[in-house]
Structure formats: structure tokens, C-alpha cells
Amino acid sequence: MAVAAARSLRISQVGLRGVVGGGLTAAHVLDFASAFGTFLEPGKAVIIGRDPRASGVMIREGVVAALLACGRDVIDLGIAPTPVIQHAIRRMDAAGAISIGASHNGAEWNALKFFGRNGIYLSTAEANELLDIYHLKKFSFVEWNQLGKLRTEANALDPYLDEVAAVFDFSALRKFRVVVDCCSGTSALVLRRINERFGLGIILINEKMQGVAFAHEPATNKEMVALQLAPLMKPLGADAGFLFDADSDRVAFATEDGTAVSEEMVLPLLADYLLPRGAGKLVITNCSTTALVDEIAARHAGEVVRVAVGRQAAIDALSIYRPEQIALAGEGTGAIMMPQFRFVYDGIAAMLAVLSMMRERGEKLSGILAAYPKYSILKGQVPLVTHRIPALLAALRELYHDGRASMVDGLRVDWPDRWFHVRVSQTEPVVRIICEQRGEAPRDLYEALVEHVRSHA
Amino acid sequence: MPRREHLLKIGVSGIRGVVGEFLTPALACSFAQAFGTYVGGGRVVLGRDTRASGEMITHAVACGLLAAGCEVVKVGILPTPTIQIYVAATHAQGGMAVTASHNPPEYNALKLFNAQGLFFNNYERAELLDLYHQSDFRQATNEEMRRVITDYDSAPKLHFQKVLAHVDAARIRARKFRVALDAVNGAGAVTTPGFLRDMLGCELEAIAIDPTQPFPREAEPKAETLGEIAELVRSCHRDIGFAQDPDGDRLAVIDETGFVLDNDDVLALAVDAALGRLPGDVVVNLTTSLAIDDVARAHGRRVYRTPVGEANVVETMQAVNAVIGGEGANGGIIFPPVHLCRDSYTGMAFLLDRMAETGEKISTLAARLPKYFRRYGKVAFEHGLLGPLMQSLEARFPNAEKDRSDGLKLLLPDAWIHVRASNTEPLLRVAAEAKSDEQVERLYREVLGLFG
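In the order they appear, the protein sequences are chains A and B. Position one of the first sequence corresponds to residue 216 (this note's numbering), numbered consecutively onward. Position one of the second sequence corresponds to residue -1 (this note's numbering), numbered consecutively onward.
Because the hints were derived from the structure by calculation, they are not lab data. Ideal placement from N, C-alpha and C gives every residue a C-beta, glycine not left out. There could be a bad hint or two in this list.
[Said to hold, decoys possible] Derived DEER-like restraints, expressed as beta-carbon distance ranges:
#	chain 1	residue 1	chain 2	residue 2	range
1	B	D292	A	Q361	43 to 53 Å
2	B	E358	A	G258	36 to 46 Å
3	B	H4	A	R306	42 to 52 Å
4	B	Y150	A	P446	42 to 52 Å
5	B	E141	A	P598	23 to 33 Å
6	B	H4	A	G258	30 to 40 Å
7	A	Q361	B	L156	29 to 39 Å
8	B	I147	A	P374	22 to 32 Å
9	A	A609	B	D134	39 to 49 Å
10	B	R145	A	V600	42 to 52 Å
11	A	R658	B	R145	43 to 53 Å
[Stated by the list, open to error] Only part of the chain A face toward chain B is listed, based on derived beta-carbon distances under 10 Å:
#	residue
12	D246
13	G277
14	E323
15	W324
16	M424
17	A428
18	H431
19	A586
20	V665
Construct the complete structure from the given sequences, taking the supplied hints into account.
This is the structure in C-alpha cells:
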């Protein structure tokens, strides 16, 4: 059976994402943006913004045309971080927004992210409706004299920072020496403004925004932190280092001693900071995220809700609870949402939360992390043979019947000190295998799993 | 059965339709991407007229051009001839004007230009259409993606310098002509007042020069729709009045008495001026007046005729190296030394120059032209209507010379009849010309009678 060797286009509930030219074309952009203009409740404007990818210029033109044709006024924020775009929706009373950018993917990718009038991603039901409109291609184009108008909004940053400043005490953070790897992305815009406006001295590297040649892959993971950021920590005498993806919704970090920290640690760290601070006791995360977060939640009488991997499951889970029940939500990828920011994946806010935690604890970042028990995680992948997945999962469940099984997303099996998760990737044609153990790495379990998955391939 | 309305036309003339249900941003985008692919990437100039859908369509077109790997130069709201001249002068790979020209405001369309700022020839346009239908577009990757740049100012300067090089501007300025202008709130609203006032020293009285407002009259500048400017010419004692279409390629002229001149006569005046100045022949379409032949004969020049459509006229002009051409009834003057395109600015400058040169009133100049009488009409298009009509016409006038290159044209002594299907609208167009009003009326009635 023919399977695309490398998927270069993905149209799903998450929106539209692809390699520009190779998979994602102008025609997709026009149709998807027209579907969004048709989907939204009539009347109000739509906000757009983009990351610095060169193809963003082309996609912007198409998005503007489609929205105007649907009778929507368009407010263009230009190159702007995704959290800033989301923030502008409520502030400007817009119907929704489109963020043009492929966040942590390479420069050759681009994507459309859709947000509703509450400023967050569409729910699965809404996203399904949008997809149906897209596939049906019956769009609500208005008459020639009812078309929308385009205007630009020069300063969306300051209103966003007003809200951030109401949550975090910037003046108290001035004492830290902070280094940030902007990876040629939009975070530089916000951080420069924070320096100007609040008198911080955040040192930026790779701060020049690039359309084609990013300083390095814009993924927020340990390898990328180790590349340029971590080696600078000691020479610069920095207290903390942060790395952002291209549209600033994810973050990873390095400690003052030059250690690149696993991206898995952002969520447990912030759970430890936020759980004791507010009424919210729930941590929403996915089945592939470290069990350290369960241990930390237990310390603070919190509870972890695990959902399927991917943004959509997290968004749907959020809608089940009242905001005040939730302490935070996030993934092991460095994407974190906090109730104070209306559940927007916001790397900038996550960075400020880490710094605030350091200040309140009066501890070094490495010291805070050292207090956590050691967990060791192993990750791998095996090429996908789609039709054998159900048999594979059933066989694994049978084999590991002594653990507690969850079928929320593929198969996750938990034992008191270790767990594994076998699932089909949403972005690549592979089966992902993750297992983790308190203490040393569960190498035997991992190898046995890989063997089983391979035997079904 | 009620007639279905197809308010979209995609063909060798490009893409044209009513914006909304018919002409969608996706269609405009893919057509632009086909164009970008056809010209092979590179720099493409993009401008528009003032119609309400112009902004939306321009964004869709920019998207398609960028997706094909083109660099886009946005020149904003400008007359079509200005855009064409800019394309040629800046060595772009091609150009696109978002305009439905003289069509009503609910329409929009794309005019496509090659690297010389000229319409593509028939064969090239068929090639482009195939490319569009095959959808095998050039798909630029992120690395191949080029940028959008803007240049709103230099194009009009280029255009007007070229026009002024072919008239005696000092002579015109010295006369301080009292001129009225109706720019239909179109692209001319942006540049024509400056052209007449600052370049040609006219004392200007202008209406409909707000590009943000809708067209205040029918977009096509013809006698029935130019009451307001004609009245302005009379009440403000103007020497002459000019009316443009929304994209500034067509021109109508009002004499000092408030009479809207026949477009064929305006062309004849321009032809006379050009032939008096430069060597070369004349090209006009089949529906253009015999007055052109008389004027050319007086200069010892030849007249070539082509099917209706600017692109057809231009194609032949280029092939025979003509010095001037145009489409009489459509109000278009094409003067290659400025550019091989229909240009209302060349028309305005030529007429003012002629008035300055001779010291005559425009009505006097027009009155000296050979006198012909013309009738134009249209009938709703129906499938199967044109063929039988052509046959009965041929049977009715067995001795006439026949030209079947665009519908049917019958040449009679000092008269002609032309029936054809419109390229842009679902209409059959009927035209007739003769030496007397009675004769033209009789010929016209006879054609209409054949519709049964």
C-alpha cells in the first residue's frame, strides 16, 4: 500500500500545515481562509499576524484576500508572536484570528493556526465544522460592495505587555542576568520591548528575524538548547537561558551552570510553581509527558489529567473544567498555558514564570531542579504499517496486563515507578515509543517494546 | 426556461466576472499563479483601478504571483496605460492590472502584460489558458519566495514624460486652456488632474476625482452617460471636456458647446495629428469609421483592420509597424511612440496640441472631418442566433464585400454593416455606418429586421 514517504501537507482539526511549494500551496491557503471567514459569526473583524518565514508574505496576501471576500474587515499585526495575536482578539473584540507560521517546524514549513473569539484554539467540534466547510468549498462570499477593508495595527505588543505586567513583577526580575536564543523568530520583538519598557537587560542571541535561514532548527528541545545557548551561560555569568520557537508559543531552557535541560522539565517546574499559588489543582497534560509531573502534583494535593497527544485534546479538556479549577496545562514540548493568560500557549509568559519562581525561592535554577527526583525517559520511533496498529496495541495490552492501561491515545501502561506509551504520530508516518522510569532508564522495557512494534511492521 | 446567468468568463482574454459568487479570490489567485508560471518568475508589476473589489483581488493576485516565485511590485491605483509603460521601463517580466475597464462596478478582471508592457498575442494567451487549466503551476519553496515592494510615485512621471515628448507642451501651456474633467472616480482621479494642471498648464474644473468613492456614472464614457460633464463644460465655459473610464485607457471628448464628440471622430483627429508628424500606417478594428480611411488617404497612408479588441489591434500594429491605431467606438487611441496601448493621456495631449497649433476650437476641428453617420445596438446573445443572421445578411447583400474575421462585416459603397458576438458580455453587437442619416437608419433597421 502506498504511503507518503514524508508527509508534506497536513489538513486536520489543527488547521493547515505543510512544506510550502512541495505540499502547501496558495490554493490551500485561499480555501482554508475562505472557510474560516465563512465559519466565524458574522460582523466582526479578523486579526492576522505572521512569523518571519519568507513564505509568510505570500500566505498573508492569500489570507487577506479570502477574508475580505467573505466581507471581513482584517486587522494585520504584521510579524507578531502567536500569543500577542491571540491576546489582540479579546482586546479588539474581533471574531477570531489567523496566525501564519509553523512555530517549531523548519523554515520550509508554514501553517495557519485558527483562533476563535475567546482568543484560544478552536474546539474539536468547531475545527470539524471548519474542515467541513473547507472540503465542501461553499464559501460565504459577499457582494462586491460589501467586501471587507484591511487595516494595520502597529503596536499590539504594548497592550499585551500591559496584561503580562499585571501578572509578573518585572522590576523584581531586573536583578537576573538572562540570555535568550530567539532562533531568528518573533520572540525578539517582545523581549526587546520588555527591555526598553521595564528596564530589563535580557541578552538576545539570534535576534535578527530571518525568512529563510533560521539560526538553527526552531524546535524547543534539549539538543537545540545545547547548541548555542547552554555554552554561553557560564561565560556570560547568566542566571538562566531560554530558547523560543519561531512564533514564541514554546520555550526551553538552560541553567546557570550551562546545562541544557530537557524540554520535559518546563511543565513539572511550572506545576511546582503554580500549584501552591492558586485555587486551581488540575494539571492538564498528555499521555507522553513525564511522570515527574504526577509526583509534583501529589506534593501540592494536585491532580494530573492526561489526554491524547496534540493541541486539540488539550483544548477540549480545558473546556470541561472551569478556569479556576486549573493550575496549568501543557506538554513535554515546552508549550504551556496558564489560566492567567486565558489558556494561550505562551513561551514568554512561561519564561517569566520560571524567573519569578527563581526570585521567590531565592534559589538558583539548577538548585530548584536538583531537588526533583530523577526520571529517565527513552524515546524512539518505528515506521508505520497502519493496518496492523490495532493488533499491535491489543498484543501489547495483553503482554503488559499487570500494569494500569489507558487507551486514550494508542496505549499507555503505568506501573508505580515506570510507564510506557505507544502511539501513532499525527505528524509523521511512524509509531512513537516512549517509556520512562523513576531513577535509571528502563532500557530492557524500551528494547522489548521496540522489538514488539517492529514485529508488527 | 429562464436564462442562466454566467457572470464569469475565463478565456483567451483572461478572467473577468462579477465579484462575489462568480469571480472569487481563489480564481484570481490561481490565474495569477498561472501567469507567474507563464512568465517564468521574476519581477511582476501589479496595479489596479478604484473599484471596490480592487483591494481584495489585488491581494489574491499578489498571493498567486508570490506562490509562483515572482517578486511583486505593487504600484497601487494607476491607469492601465501607466502600468504598462512602467512594466516596460523597469524591465519587469510582466504586469497585471486589476481592472474591468469600462464594465460596471460589480465586475472585476485581470489585464495581463508581457515584459514589454504589451498584451500577449492570441497564441500566447491560448498557451496561458492551457497552463491555467492544467494547474501545473510553478510552486516556489520558502527559499525561492520573493518579496513585495511598493512604488506608487515613479510610474505616472514616466508615463507623462513620454506623452509630453510627442507634443509641443510649451505651446499648450501658453494657451492656458480651460478644461473640464470627469475621471469617474477611477484611476484617473489620482493622476489626471496633475497631468492637465501641472504638465499642460490647463485651468481645470474637475468632477469625480475621488478614488475612494463609487463610479458616479456608467463606467463606459459615452454620450448618454456624460450629461454632467457636458453641462459643466457649458456652464463653466470650458474649451474642451475630457471623460475617462475607470482605468484611464478610454477617453471621451466634449466640445466647447457641451456636445460629446463621436469617439470615431476623436480617433480621426488623433490619427490626423499623428500622420502629420510621423511616417507609418494606421490600424483600427472592423467597427471603426470610414473617416479614418479618408484621413489616412489624405496623408497617403494605408489602413489595416482587425477583429474587435485592443489586443488584436495592438498585435497588427506591431506586425505592420503602424504609427497610430485604435478602436473608434470604444474611445481608444494607441500611439506606439508613447506605448503600444490604449492611452487617454496621449489622446488628451494630442487634441490640446492640435487646438494650440491651429488656434481652432475643438468643434471646428471636428466639423472638418469627413461626415459619416453611425448606429450601434446590441441584442441579447442566444445560441444559434449569429450563424443564421450572418447567412441572411449575406443573402440580403449579395454584392457586398465580406469580412468574416470577427462575426460578419459587409462593406457597401460608402457604408458598412458589422454583426458580432461580444468577447466580454453575452451580447450580439450590431453596427452600421453610412454617408447619410437616412441610409444608416435603413441599414440598421434591415439588420434588426433579420432577427425576426
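| said: I'd like to know which numbered hints this structure contradicts. Please list them from smallest to largest. | reply: Per hint list: 2, 16, 18, 19, 20 violated.
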